[in-house]
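With chain A fixed as given, assemble chains B and C onto it according to the hints.
Residue numbers (my numbering), protein chains in the order written: chain A, 385 to 768; chain B, 2 to 258; chain C, 814 to 955.
Simulated from the structure, these hints should not be mistaken for laboratory data. Heads up, some of the hints might be wrong.
Said to hold, decoys possible - Heads up, simulated DMTMM-like pairs for lysine to aspartate or glutamate below, C-alpha to C-alpha not over 25 Å straight-line:
1) C:K916 / B:D174
2) B:K85 / A:E662
3) B:K185 / B:E202
4) C:K916 / B:E182
5) A:K423 / B:D81
6) C:K930 / B:D174
7) C:K941 / B:E71
8) B:K140 / C:D883
9) B:K113 / A:E535
10) C:K930 / B:D149
11) B:K245 / A:E727
12) B:K113 / B:E94
13) B:K50 / C:D888
14) B:K185 / C:D816
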Amino acid sequence: MLEKALYGSKGYYVWILLLLGLIGLGSIAYYTQLTQGLKITGMSRDVSWGFYIAQFTYLVGVAASAVMLVLPYYFHHYKAFSKMIILGEFMAISAVSMCMLFIVVDLGQPQRLLNVILHPTPNSILFWDMVVLNGYLFLNIVIGWTTLQAERKGVTPASWVKPLVYLSVIWAFSIHTVTAFLYAGIPGRHYWLTAIMAARFLASAFCSGPAILLLLALLLRRLTKYDPGKEAIQSLAKIITYAMCVNVFFFGLELFTSFYSNIPGHMHPFTYLFFGLEGHGALVPFMWAAVVMAIGCLVLLIPPALRNNENILVPALLMLVGASWIDKGLALLVAGFVPNMFERVTEYAPTIPELAIAMMVYATGALILTVLWKVAISVKKEIA
Amino acid sequence: MGINRREFLKIVGISAVAGLGGATAVDLLRRAPVEASQASPNPKALTAKRWAMVIDTRKLTEADCQRMIEACHRVHNVPDIGTKQEVKWIWTEEYEHAFPDDMNEFVSDEVKHKPFLMLCNHCDQPACVRVCPTKATFKRADGIVMMDMHRCIGCRFCMAACPFGARSFNFGDPRPYVKEENRKYPTRMRGVVEKCTFCTERLEEGLMPACVEVSNGALIFGDLDDPNSEVRQALRSNYSIRRKPNLGTQPCVYYIV
Amino acid sequence: MYDGGKIITGLVVFVGLVTFPLWSNVGKAAKKPDPKIDTPVIQQLAEKKCIEPKAFMQAEHMKILNDWRDSVVRDGNKLYVSSSGKTFNMSLQNECMNCHSNKKQFCDECHNYTDVKPYCWTCHIEPKEKEKVAWASIEENS
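Pulled out of the complex, with its shape left as it was, chain A reads as follows (with noise of 0.2 Å):
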């Protein structure tokens, strides 16, 4: 199948071109931080990760773009969802890969990686969130890929996929927790140690993860025609309201705790991120720009005849995949290193070359996602 990802229209190839050139850039950028190291990041002593661990946090949420789609699919036999799911489980895969790659650019020795299998430490998350990554790589691949063919062949597919389907819906809250439980289980870092981590994530997850789907989804039916149906954007829609609910109350919990129970060292992280702290606050406009963008787009989704209209449908969605990133993809990191664990404020921001090497990998995603939907597309509208 995956020659149909050869054959496509002129603005096909162009954007194919540009992915690859912009992946042609930023491995310049990441040949420099290969023979440097990763002194050419705004990385320091006391934030000791930055822009790439953030985004990997924020791309496995994004991997459960599948479940959401899958679960009310096998689960509850929503038919509705059939012509998106596929889309669904091949985002899953770009996300997924994007994680992986965001892990290898920010290791100090990556020729040792596989020190990871060789050594294999069940004590360590990271060694769990390795299994778990790589595991729900693998289901959706096989999912996705054996679905479809069945499909293109006009025959169910074979009795040994359902099981992987169900598995894979428990896999997916997998890869949240255990992504989850990298940051909450660390002593000493306020921001970090909280039981309701991992719900935030999956709260989190099933938002931004479905949104940026459905965005995309959307794009895709102005650019080829296929339609996902509107029973199944309205549905998704829905789904993507009720999460972004719970992920803001879930904020909220934080908030109470650490401020109702006055200690200063739950406080601090977050008078950091909203007002700053020691005169340093460089994430203060984003997360302002945060909170008025999770209420934006709460207010134009929770009314359905605001939300079944699309007009107000792509730009609440844009938001909420605003908010979602500067929570997840920026502040959840900086704000479990600053204040560091001398009560002293070292600030991070992203250098260039660590920009371009991020950019990187987000091309190399697209790039995957692009020849996959491509594959699924052309498949679709084969048999239709």
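Frame of chain A, contents of chains B and C only:
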């Protein structure tokens, strides 16, 4: 006997996987050239069940601390980088930053402005060891939390996990920043994490850690499991504190104030 | 044959690429490596023997170093008793390189020939250039 293309391909695939896996397994199982019985510790080595350090801050001035920092960083080829990507094994902090959980509004002037030596606490329950995905950082039987720089992949999970900010990452090649090389000790390479090792290489030779050696008795190093050791005696007769004991990592560096 | 021209051109390009390692190295045969062991320290040894027999060291030195580093760093061992019963310090920088102070003529000679790039010396400090000069002058004198 009929065999269709599908089955043939299955068999070929399985054989290929088994062949590759088998070769790797054979390679791994090959007898190591060095028998375990051929290697042994140095009989001169200082040993303990649980190494610990007691820092008598009453006896320390800023100049004393600088002398110890200098001794440690020189003997271990610690680079002097001087940016926020710096590397340090031992350094000084003010009281309120060294013990941020102790939030007494008013502290005696003496304590408030005294330098406190910061170094790896060699915790009994080290968070860094718990999170390391390759066992590159591990706890020795004598309590020392050690780094295997050969194995470290540079994921920096340990730096996120350490509540004491004891760890440094080599963002770039440290060599150009090592002023005077100690030719008996290696440097590090770019992309690995490093920290204080309680001078395992000196203990093996029967020597006290470098900082202890130049401390004029202000630093006491010994076995916490031995009730008659110097460290236990010091802790018995003086009031001491540790950094962030509420996190349960059980630091093995004590401060007499 | 359809598209014969394209196929033949493609084949030529393919064969050219596949045989690249062969024709690009024609006439550039490297000379056989000849590691030297005549350093001042080795010269003064009563019995010029490494820790284990020469053939064993040639074949297994990388494995010995690998085992040593795990044994020293992870198990806290420091001493190695060789098959001949002698005791050595397990240290590349302070034991091996003490005798083999001529890294360029000893280590690099074969490593360059076989194009292996062990990263020992990114951390372990190789003997000083000065010592090599001293050794070179000894060689000239002898």
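Okay, the hints, checked on the actual structure:
1. Between K916 of chain C and D174 of chain B the CA atoms are separated by roughly 21 Å; this keeps the pair inside 25 Å, and the hint holds.
2. Distance restraint check for K85 of chain B and E662 of chain A: the Cα-Cα separation of roughly 17 Å lies within the 25 Å cut-off, and the hinted pair is therefore satisfied.
3. Among the hinted pairs, K185 of chain B with E202 of chain B is consistent with the structure: their alpha-carbon atoms are about 10 Å apart, no more than 25 Å.
4. Note on K916 of chain C and E182 of chain B: the hinted pairing holds, with a Cα-Cα distance of about 18 Å set against a maximum of 25 Å.
5. At roughly 15 Å between alpha-carbon atoms, K423 of chain A and D81 of chain B fall within 25 Å of each other, so this suggested pair holds.
6. Distance hint between K930 of chain C and D174 of chain B is fulfilled; the C-alpha atoms sit about 18 Å from each other, no more than 25 Å.
7. Only pairs whose Cα atoms come within 25 Å are accepted, and K941 of chain C paired with E71 of chain B is accepted, the gap being roughly 24 Å.
8. At roughly 14 Å between alpha-carbon atoms, K140 of chain B and D883 of chain C fall within 25 Å of each other, so this suggested pair holds.
9. In summary, the hint linking K113 of chain B to E535 of chain A is not supported, as the alpha carbons are separated by about 74 Å, beyond the 25 Å threshold.
10. Taken as a hint, the K930 of chain C and D149 of chain B pair is honoured in the structure, with Cα atoms around 20 Å apart against an allowance of 25 Å.
11. Distance check on the hinted pair: K245 of chain B and E727 of chain A sit about 13 Å apart at the alpha-carbon level, within 25 Å; holds.
12. For the given pair, K113 of chain B sits about 11 Å from E94 of chain B by alpha-carbon distance, which is consistent with the 25 Å threshold.
13. Of the supplied pair hints, the one linking K50 of chain B and D888 of chain C holds, its CA atoms being roughly 14 Å apart against a limit of 25 Å.
14. The straight-line distance between the Cα atoms of K185 of chain B and D816 of chain C is roughly 68 Å, outside the 25 Å bound, and the hint therefore fails.
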